[in-house]
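Colleague: Taken in order, these protein sequences are the chains called A and B. Just add 265 to the spot in the first sequence (first one is 1) and you have this note's numbering. Just add 9 to the spot in the second sequence (first one is 1) and you have this note's numbering.
These aren't lab readings, by the way, just hints derived from the structure by calculation. A hint or two may mislead.
Stated by the list, open to error - Under the rule of at most 25 Å between Cα atoms (straight-line distance), these lysine-lysine pairs were calculated in the DSS-like manner:
| hint | chain 1 | residue 1 | chain 2 | residue 2 |
| --- | --- | --- | --- | --- |
| 1 | B | Lys125 | A | Lys458 |
| 2 | B | Lys125 | A | Lys328 |
| 3 | A | Lys529 | A | Lys458 |
| 4 | B | Lys125 | B | Lys16 |
| 5 | B | Lys90 | B | Lys16 |
| 6 | B | Lys99 | B | Lys161 |
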Amino acid sequence: MFPANIEQYVRPQSVAEALAACAGYDAGEAMFIAGGQSLMQAMKSRMARPRCLIDLQAISELKGICPDEGAFHIGAMTRYVSIANDERLTGYFAALRDAAQHVGDRQVRNRGTIGGSCCWNYVASCLPAVVMGLGGEMKLQAADGSQRSVAAEDFLIAPLETARADDEMLLAIRIPQPAGRGGSAYKKWGLVKDALPVVGVCVAVTLDSNDRCATARVTLAGLSAGAHRATAAEQALVGTAGDAAAIAQAFDAAANAADAQGDKWADVAYRQNLIRTLGQEVATSAFARAAGRQE
Amino acid sequence: MQTVTIKVNGEAFKESVPERLLLVDFLRERLALTGTHVACTHEGVCGACTVHLDGDAVKSCLMLAVQADGHEITTVEGLAKGDELTALQKAFREEHGLQCGFCTPGILMNMTDFLKHNPNPTDDEIRMGLIGNLCRCTGYVHIVRAVRTAAKMLAASAA
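For reference, chain A alone in the conformation it holds in the complex:
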């Protein structure tokens, strides 16, 4: 397998240059390529047939993880390997590392990027669910130079669909620092180790001064809706001490409310069971991290 004919390949040095490269092409004819670990497969299967490929590899402002007044600013072209190895991503930010450490395999992590994953928004993928779970804000720039910020849950519309316009580029993802002590975790179950999630669960909580759950965000990955919030579990966690009974109840609620569909790999009951068991494990870990307890 190899891609359909590509008329033009460009490697811009700046965001403005990259956006200018889209001019003259109809919607969808010019595509940005980040790490290419999904797009190259889509091009080889001819699902994607870009006339022009705009390679973002040389734009240094799109790379790297910067602390930003307690929040983290993660460039769209930051590779999984950089997130996986960044020891500053603890507590509320720890789910990013949980996910990045187990995407695909070493070779994929050496090239794949967080921005590419979120813009592709594959139905079964880890980073979109984590970015949504942590309340990430997507920073975008349009061809006219204007910038906007979109909440991850508004950006990630549905599988393979985002709020990004064709001539708009994702610059970075900002993960805000919540008020109070926060902790998060992510875990998935796949058919083989580190495969795409059949189900993935991300939990992010903050604690009040009495160690009660002040806020909770729970997202699911791998179901047919793609990354989405499990509000039933969120509501059930708020106000609890994050004890085993409260967590079990929350993920019973999440499993019952989930729009799970069976396939030959995992039937509905099995997927619901995965939501329960992974959810309990992940929530326990998120509470422990928020409280600063050793795991």
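Chain A is fixed; fit chain B onto it per the hints.
Modeller: Just chain B, lined up with the frame of chain A:
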């Protein structure tokens, strides 16, 4: 068509290539470096085409030759210096780390990079590191043993 200059195993190659040419096909068909293998018909799942891009193990079927313009590629042919095998290559021979050998070039390239980052790995870490390389003969037991042996050989030679 686009003219690219790619340094492969230390030697710079200037070639005119179609934009859609995969890096793995550039290496195999243009440069006749057929040590880099294709096992999963370019689907990006088998790891047999693993090469180093500026030192990092990547799958050469998941990138275009034009994307490698200006970069350094190392293939399995670039590991040994003449007849002098690397520690990892010697360990694969000593531990019988292969049967048919088809997956071996990709595994050598991935594990060379792996051992640079983790010179003293546990068996579990080796197995986790091998997730991106399919071997359908060995069951991995001898491959894991070979990587462990290579780590010991490298540690002994550094001491």
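Colleague: All the hints need checking, so say for each whether the structure fits it.
Modeller: Consistency of the hints with the structure:
{"no.": "1", "hint": "Lys125(B) / Lys458(A)", "verdict": "23 Å, holds"}
{"no.": "2", "hint": "Lys125(B) / Lys328(A)", "verdict": "23 Å, holds"}
{"no.": "3", "hint": "Lys529(A) / Lys458(A)", "verdict": "18 Å, holds"}
{"no.": "4", "hint": "Lys125(B) / Lys16(B)", "verdict": "21 Å, holds"}
{"no.": "5", "hint": "Lys90(B) / Lys16(B)", "verdict": "17 Å, holds"}
{"no.": "6", "hint": "Lys99(B) / Lys161(B)", "verdict": "12 Å, holds"}
Checked against the numbered hints given earlier, this structure breaks none of them.
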